[in-house]
Amino acid sequence: MASTIVTFELGGREVEVMVRPMTTLQAVLRNQLGFTATKDGCRQGGCGSCTVLVDGEPMLSCLLPVEDVAGRRVTTLESITPAEGLHPVQRAFLDANALQCGYCTPGMVMVSTALLDHQPAPTGDDIRQALTGNICRCTGYRPIVTAVHDAAAAMRANAGEQAR
Amino acid sequence: MSADLNVVGQSVARSDGIGHVTGRTQFFGDRTFPGMLHLKMVRSPLHHARIRGVDLSKAERVSGFVRALTWKDVPHNLYTILGLIGVEPEEEYVLAEDRVRFRGEAIIAIVAETEAAAHEAVSKVRLDLEELPAVFDVEEALLPGAPIVTSWGNNTFMYEGHPCRRVRLGDVDAAFERADHIVEGVYNTSPIEQAPLETTGCIAVPEANGRFTVYTNTQALYFSLDNTAIILQVPGNRLHFVGGTVGGGFGGKVDVIVEPIATLAAMLTNRPVRFAYSRSEEMQVSSTRSAWRIYIKDGISRDGHILARKVTSYADSGAYSRQTPYALTKHAANAAGPYAIPNVSIDAYCVFTNRQPASAMRGFGVTMASFALEVQMDRIAERVGLDPWTIRFINAYHDGDIKPHRKLAEDATLIETMQAAAALVGRELPDDLRAMTSAPRGAGHDGGRD
Amino acid sequence: MARLRGTGIAAVNYPTGMNLGGDPSQALIHATTSGSFVVSLSATDLGQGLRTVIGQIAAETLGVEFGEIVIDTADTDTGPHDMGTFASRATHRVGNAVIAAALEARRALLDVASEELEAAVDDLEIDGHGNLMVKGAPSRSVRVADIAALAQFKYGRTISGRGSYMKAKSPVDPETGAMDPDSTEAHACTVAEVEVDTETGEVTVLSIKSAYEVGRQVNPALVAGQIAGGAWMGMSHALYETTAPYYPAPDHSPRDFSEYLMPGTLEMPEIESVVLEMPSSNGPYGVKGIGEMTANSPIPAIVNAIYHATGVRIDDLPVTPEKILRGLEARQPGPA
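Chains as they are written, first to last, in my numbering: chain B, 1 to 164; chain H, 1 to 450; chain F, 1 to 336.
Excised from the complex, chain B in its bound form (with noise of 0.2 Å):
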């Protein structure tokens, strides 16, 4: 079958990608334009490590052929991380010691910003339905909850500081 072009918007900037017909976005994303930190740990839906924004809405880059994303607005952890300095979600992680190998990481980080976009005060059960999908093999996800907890708290403030 013929390959397509689709495009799409990536990190505030357009892409355009030729793809032969159902391949993913994660094998776009890291295959075709070398953005790696997307990762790759089940190609099944399983693991939650492909998780990207489309819209601002977390999704399982492994299960999503890349057509679906044409014209839309796709972020990935890359696109999050700021010219200087971390995002809070990064800053949290670190400071809570929440990730060990690291492959987790960049799926929890996704899916932490997008909740916290929608939720700027979350529970800590709102915390944990929304990293259901994301599965860690190391840290047993306590300093994840936390993690995300404090960088709520964190943007709150911040938000509160820059409104005065």
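The reader is advised that the hints may include incorrect statements.
Stated by the list, open to error - Taking lysine-lysine and the DSS-like style, the derived pairs with C-alpha atoms no more than 27 Å apart in a straight line are:
hint	chain 1	residue 1	chain 2	residue 2
1	H	124	H	72
2	H	407	F	169
3	H	297	F	323
4	H	310	H	407
5	F	154	F	135
6	H	124	H	58
Stated by the list, open to error - Selected chain F positions facing chain B (Cβ under 10 Å, derived; list incomplete):
hint	residue
7	45
8	227
9	230
10	258
11	260
12	267
Claimed, not checked - Here are a few chain F residues that sit away from chain H, every Cβ distance over 12 Å (derived from the structure):
hint	residue
13	11
14	33
15	57
16	100
17	103
18	116
19	135
20	153
21	201
22	219
23	268
24	273
25	308
Calculated from the structure, these hints are not laboratory results. Beta carbons: idealized from backbone N, C-alpha and C, even for Gly.
With chain B held as given, fit chains H and F onto it using these hints.
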């Protein structure tokens, strides 16, 4: 002592933390090379079978197919990874020759331009297999008439002429005669997948100077290099292994299972070759923690001391040895537990069945022994009418006690650790338990044992 | 139908090192002209934070800041031999090798400083922050970085060190099993609290509280990470994980994460721990190691707690709701 230290003892921020949270940490699979080929494996669908024939004709016609590797391409096909530490015999095949011994065993390596082409070519390989009887239970494999998995006529690893690793201290049978209680238990534990979030894999790259660089997530870099050199029959200095960043290991990345065949494929195609396990291969083919069946028979004195402990353990190594023969020795060194027991007998069997091979996993040889022993301790407590804390304190080993493998205990701190746990949960211990230490026993103290 | 609570304990040892020994690790250290120290290894970090811990050990021994250490691992063209990261051996073996290499490099540094400062080597110290000084005379202090540069350009010497650590390989007696299998023993004691739903057979782990004795914590936050992650993995082993749910039958082996069950964020118990340090005689700064053992005491503690709650003793893992319900049924058969 801690006051003298500057940085040891401090919760310094991880040096790789920023890489992890930004996604800049580079795992092997984040690399790519121009012209990189993909290797996918044709695997046995049957548990035990004779290979009568293989037909590659349809696979070869798949667009993107580059080549197939068979056992004839492998310079030293019959090997064992522990050969490096003197374990014999060589009994596993990089690629199966005339027989497969577990469902998922590797038969043909297909190399293609894309993963999709490799998958398609794999699916078009025709295998002519004659199914053979298979055995799946760790004790059934030892019964007369059981299908034999190994090439040496029985289903156990031989330890210097014995079918099991043996530990003998004192005389358990005489002690059982003297005991006031006999407590027995049988403990069965399931095979466990290490399930690291990053699957096993490597990329082998031909270099300009005729060497090969292998980017790998192995837990043991030189171990993998040396085994690859043996299998490929090349001097070790032709190989350059790069790694050190692993997305979870837990023992699942010590089997040297992808590097030799990927490097061979790179040698035979003169192009980079990537071989990474899919998640279902990681689940169903890659080695697991073995299933264990552990029989414990204890002779207990009226006041709760363990006079004798007899342990018979069976570990299901699956179809091949991998690291399991080593594990049974480690198991035997720990299978009586951190307790002072004057009469101990341990028989630890490494048994072969037609299952997915078992190998290293976190706590190798010990985790499941600890499970069996600690449930057994509660059984003993209940039988003699003591609480679970007391039974462990009065049997805990001290520095200087002789362990079943005849090493004198040192760095024994079980007693202090239990005291700390009791304090943590607010459990009041009686004075005599609170006063105990792991210091060597004084003269004249026999603790009621003989 | 009820929710029954119970408490269980378990106490374990865990050995350090590849069984029987014979597992060397080597380290090479050299100073750069800017005063940082490159530690060349072939050890692998599995995520537990080995790079960080080894960096701390190197910094401590050299007397410099952690930030001055560069850990260069793993590349067989530049790193010396290492047996691998397994058997809870890495911090112990690699740490000891790094100490030996750092002591040699430190000595080379002090020799140059002794000439430059015209003081005896024994009168010199490094303060842990990269300042090298004559003892008791802090005004006579130079930066380690400056000594390293002087060594290279004025004296034409390297500031480097080599280290290797191995526990000699022990034989095993085939009849008695007499052997020297390990370098030292760490210990743990876990108290687990569970709640069992007698209608569904489901087990909720309420808390896993443990004491660990690990010789020395190089990095307490990383040790806490091992304890918490291991407690979760122990709970997972005890109640969920299996590749052969109907052993010995090979059927129904899981293919993916939807079939291979592990607890998630909604099943997190309370985790609490205390760590004792009773240094071993042969570990780096007394380290014993902790990497593998942290699932070991939680598993039987949970199983013992289930017995305490329900009177159902389960001797095979994983403990499933089906096994609990059958056990309850056996204790109190329902209506015929």
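*What hint numbers does the structure not satisfy?*
13, 15, 22, 24, 25
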